[in-house]
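Which chain is which? The protein sequence lines are A and B, in order.
Taking this note's numbering, I'd label the letters of the first sequence as residues 4 to 296.
Taking this note's numbering, I'd label the letters of the second sequence as residues 26 to 333.
Don't read these hints as lab results, they were simulated from the structure.
What you are looking at is a predicted structure, and each value in this text was computed from that prediction instead of being measured.
Mixed in with the good hints there might be a few duds.
With a straight-line cut-off of 30 Å between C-alpha atoms, the simulated BS3-like cross-links for lysine-lysine are [claimed, not checked]:
| id | chain 1 | residue 1 | chain 2 | residue 2 |
| --- | --- | --- | --- | --- |
| 1 | B | Lys151 | A | Lys276 |
| 2 | B | Lys48 | B | Lys101 |
| 3 | A | Lys190 | B | Lys175 |
| 4 | A | Lys83 | A | Lys169 |
| 5 | A | Lys190 | B | Lys304 |
| 6 | B | Lys48 | B | Lys151 |
Where chain A lies over chain B, by a calculated footprint (3+ residues, C-beta under 8 Å) [stated by the list, open to error]:
| id | stretch |
| --- | --- |
| 7 | 225-232 |
| 8 | 242-251 |
| 9 | 270-281 |
Built from N, CA and C at the ideal position, the CB exists for glycine as well.
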Amino acid sequence: RKTSERLSGNLAGIVGGNRLTDAQLDDLEDALIISDLGPRAAARIRERLAEERFERDADERAIMEVVAREIADILRPVAKPLDIVAFPRPQVILTIGVNGSGKTTTIAKLAHLFQEQDYAVMLAAGDTFRAAAIGQLAVWAERLDVPIVKGPEGGDPASVVFDAVKDATEDGTDVLIVDTAGRLQNKRELMDELAKIRRVLGRLNPAAPHDVVLVLDATNGQNALAQIETFKEVAGVTGLVMTKLDGTARGGVLVAAAEQYGLPIHAIGVGEKIDDLRPFDPDLVARVIAGIA
Amino acid sequence: MFDSLSDRLGGVFDKLRGRGALKEQDVRDAMREVRIALLEADVALPVVRRFVDRVTEKAIGQSVLRSVTPGQQVVKIVNDELIETLGGDVTPELDLAASPPVVIMMVGLQGSGKTTSTAKISKLLKDKQGKKVMMASLDVNRPAAQEQLKVLGEQTGVATLPIIAGQQPTEIATRAMQAAKLQAVDVLMLDTAGRLHVDQQLMDEMKAVAAIATPRETLLVVDSLTGQDAVNVAQSFAGEVDLTGVVLTRMDGDARGGAALSMRAVTGKPIKFAGTGEKMDAIEVFHPSRVANRILGMGDIVSMVEKA
Ligand SMILES: Nc1nc2c(ncn2[C@@H]2O[C@H](COP(=O)(O)OP(=O)(O)OP(=O)(O)O)[C@@H](O)[C@H]2O)c(=O)[nH]1
Ligand SMILES: Nc1nc2c(ncn2[C@@H]2O[C@H](COP(=O)(O)OP(=O)(O)OP(=O)(O)O)[C@@H](O)[C@H]2O)c(=O)[nH]1
Ligand SMILES: [Mg+2]
Ligand SMILES: [Mg+2]
Numbered sequence: 004r005k006t007s008e009r010l011s012g013n014l015a016g017i018v019g020g021n022r023l024t025d026a027q028l029d030d031l032e033d034a035l036i037i038s039d040l041g042p043r044a045a046a047r048i049r050e051r052l053a054e055e056r057f058e059r060d061a062d063e064r065a066i067m068e069v070v071a072r073e074i075a076d077i078l079r080p081v082a083k084p085l086d087i088v089a090f091p092r093p094q095v096i097l098t099i100g101v102n103g104s105g106k107t108t109t110i111a112k113l114a115h116l117f118q119e120q121d122y123a124v125m126l127a128a129g130d131t132f133r134a135a136a137i138g139q140l141a142v143w144a145e146r147l148d149v150p151i152v153k154g155p156e157g158g159d160p161a162s163v164v165f166d167a168v169k170d171a172t173e174d175g176t177d178v179l180i181v182d183t184a185g186r187l188q189n190k191r192e193l194m195d196e197l198a199k200i201r202r203v204l205g206r207l208n209p210a211a212p213h214d215v216v217l218v219l220d221a222t223n224g225q226n227a228l229a230q231i232e233t234f235k236e237v238a239g240v241t242g243l244v245m246t247k248l249d250g251t252a253r254g255g256v257l258v259a260a261a262e263q264y265g266l267p268i269h270a271i272g273v274g275e276k277i278d279d280l281r282p283f284d285p286d287l288v289a290r291v292i293a294g295i296a
Numbered sequence: 026m027f028d029s030l031s032d033r034l035g036g037v038f039d040k041l042r043g044r045g046a047l048k049e050q051d052v053r054d055a056m057r058e059v060r061i062a063l064l065e066a067d068v069a070l071p072v073v074r075r076f077v078d079r080v081t082e083k084a085i086g087q088s089v090l091r092s093v094t095p096g097q098q099v100v101k102i103v104n105d106e107l108i109e110t111l112g113g114d115v116t117p118e119l120d121l122a123a124s125p126p127v128v129i130m131m132v133g134l135q136g137s138g139k140t141t142s143t144a145k146i147s148k149l150l151k152d153k154q155g156k157k158v159m160m161a162s163l164d165v166n167r168p169a170a171q172e173q174l175k176v177l178g179e180q181t182g183v184a185t186l187p188i189i190a191g192q193q194p195t196e197i198a199t200r201a202m203q204a205a206k207l208q209a210v211d212v213l214m215l216d217t218a219g220r221l222h223v224d225q226q227l228m229d230e231m232k233a234v235a236a237i238a239t240p241r242e243t244l245l246v247v248d249s250l251t252g253q254d255a256v257n258v259a260q261s262f263a264g265e266v267d268l269t270g271v272v273l274t275r276m277d278g279d280a281r282g283g284a285a286l287s288m289r290a291v292t293g294k295p296i297k298f299a300g301t302g303e304k305m306d307a308i309e310v311f312h313p314s315r316v317a318n319r320i321l322g323m324g325d326i327v328s329m330v331e332k333a
């Protein structure tokens with residue numbers, strides 16, 4: 004709000020020239036930083052905008068449209084839905100991320116989406132660690148009426164996922180979605196466990212996991228980049244989902260992520276309910292980041 | 026990515042330190058690097074602006090520029106100001122000075138760590154202060170949320186309010202108050218559902234619970250991975266209930282934790298605990314100086330200055 008007020012204030016001051024003034028560029032850069040782009044990515048976009056020529060009577064909105072266009076250009080190449088294409092079936096989707104990012108809820112939403120596309124879905128309760136994590140996924144499975152493979156609380160997640168791949172293969176399930184416990188990427192031991200889960204998934208079906216989806220919380224700031232970096236290295240992340248975009252967080256870190264890692268972004272979470280998952284629309288997200296959506 | 030920044034900052038400060046005389050422009054150049062460091066640590070932009078202005082003003086004061094070691098002085102000013110902004114080196118205690126049951130209500134965004142922190146603090150009060158504690162989950166939204174607290178209660182040996190399916194949060198709060206009184210509980214911990222600060226309906230529900238339970242402490246639980254949105258979150262929660270403090274979770278991660286600075290600056294409330302893991306004893310008092318070093322990513326530099 005304040006940024007845009009100052010922005011229009013500065014714009015009122017334009018007399019000649021059709022390039023943005025330093026003061027305007029400063030304000031634009033600040034607006035991008037507030038959207039969580041981080042100082043470096045914001046500075047890069049600022050540089051690009053400094054080259055841009057504007058109509059003499061361009062207002063704030065027109066300028067932010069150009070900002071959104073720049074951002075959409077960066078995001079467009081990474082927009083890619085999660086398609087069910089594996090042959091032989093099942094397509095195994097491993098879901099990972101830091102604690103509380105929204106993995107379990109996203110799994111329920113994805114299961115719902117695939118059901119609507121007429122695929123047979125199965126869930127695997129790979130988080131045997133957090134209190135009542137199995138129960139949480141089981142409630143979703145019941146509501147969705149999809150089968151769930153689970154083991155005892157505190158048990159070995161690798162053996163649960165092994166059983167799940169076996170069951171899903173025997174049942175001719177189209178999609179198996181595997182939940183895992185949240186883990187911070189700097190925890191060596193927990194990251195090793197993830198690598199092990201990955202290996203075990205591949206034992207019955209060398210192509211599994213077909214997808215390794217990293218779930219990012221939109222309210223996280225620049226640490227999301229460190230998350231991508233390490234999870235990619237240890238668990239071979241193939242795509243991203245960003246949750247909690249229904250608040251005021253804008254998820255600008257996706258811009259830096261797209262530039263640096265180019266990983267596909269599959270979908271976004273916009274609420275706690277089962278149908279609160281949206282396809283990743285780069286133009287819309289770019290407008291949200293630019294603050295005009 | 027972060028290392029190169031701390032290297033760069035180190036370089037800037039080395040240059041400052043190695044100089045006899047300092048010009049105002051040298052200080053301003055250094056502050057530009059500090060600004061980037063703070064932003065990469067996810068300190069909220071308005072807080073960064075204020076911070077940099079304040080430090081710049083102090084640092085270009087004549088006594089600093091004319092001193093024998095101006096560079097070191099500037100580094101020290103940055104560090105001291107960070108610690109000061111984070112709440113100084115005092116350890117804020119929980120305020121339990123009320124007639125029992127003393128109520129502590131935990132609030133915050135979805136997934137921030139409320140339930141886990143509720144159990145950790147309960148365990149702390151039971152084990153370290155010999156309090157009789159009861160926990161109640163008012164989370165009727167998230168699947169198995171109440172079961173989660175129940176399991177944590179079993180793990181920590183803290184009583185939990187029996188679950189009655191179908192009750193609304195205000196009903197549960199009323200029942201929890203009655204049970205706590207009846208059972209002569211010292212401290213009643215209320216775990217609430219995660220809510221977005223823009224969700225007015227859930228914010229109203231939180232206020233209704235507060236009106237029933239009149240908490241002595243209302244703690245905002247915040248993820249130390251939080252980015253720029255920290256300001257909106259802090260302002261909105263502070264605007265709805267009387268926050269008395271902050272719990273910063275996931276300090277065991279490698280995030281710089283700039284949210285600590287934003288939280289403190291925006292709410293004016295002390296950070297009372299830092300969560301440092303998933304286990305039930307992974308909770309500590311908050312150390313401003315450690316976090317200050319972490320935010321700048323230059324712990325070694327600060328200790329060098331302090332040695333010199
Ligand atoms: N507002 C909002 N809340 C969400 C969204 N996705 C998940 N949540 C909430 O965030 C909280 C954490 O979600 P979970 O799915 O349990 O997260 P998780 O990553 O499985 O957590 P752990 O297993 O504990 O690591 C819950 O309260 C969810 O309801 C979203 O898109 N928007
Ligand atoms: N590493 C680490 N994990 C934590 C910490 N505090 C909580 N967690 C984890 O974060 C995840 C979410 O914690 P919860 O306590 O369920 O969060 P919540 O705020 O109650 O979540 P909702 O009720 O869904 O809004 C769980 O996986 C916890 O184990 C911490 O300090 N460090
Ligand atoms: Mg989970
Ligand atoms: Mg909870």
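The hints, checked one at a time:
Note on Lys151 of chain B and Lys276 of chain A: the hinted pairing is violated, with a Cα-Cα distance of about 36 Å set against a maximum of 30 Å. A distance of roughly 17 Å separates the Cα atoms of Lys48 of chain B and Lys101 of chain B; the hinted pair therefore holds under the 30 Å criterion. Distance hint between Lys190 of chain A and Lys175 of chain B is fulfilled; the C-alpha atoms sit about 27 Å from each other, no more than 30 Å. Between Lys83 of chain A and Lys169 of chain A the alpha-carbon distance is near 29 Å, which keeps this suggested pair within the 30 Å criterion.
For the suggested pair Lys190 of chain A and Lys304 of chain B, the alpha carbons sit about 14 Å apart, so the restraint of at most 30 Å is met. At roughly 56 Å between alpha-carbon atoms, Lys48 of chain B and Lys151 of chain B are farther apart than 30 Å, so this suggested pair is violated. A stretch counts as covered by a chain when three or more of its residues have a beta carbon under 8 Å from one of that chain; for the stretch 225-232 of chain B and chain A the count is 0, and the coverage is violated. With 3 residues carrying a beta carbon less than 8 Å from a beta carbon of chain A, the stretch 242-251 of chain B meets the three-residue requirement, and the given coverage holds.
For the stretch 270-281 of chain B, the assignment as covered by chain A holds, since 6 residues bring a beta-carbon within under 8 Å of that chain's beta-carbons and 3 suffice.
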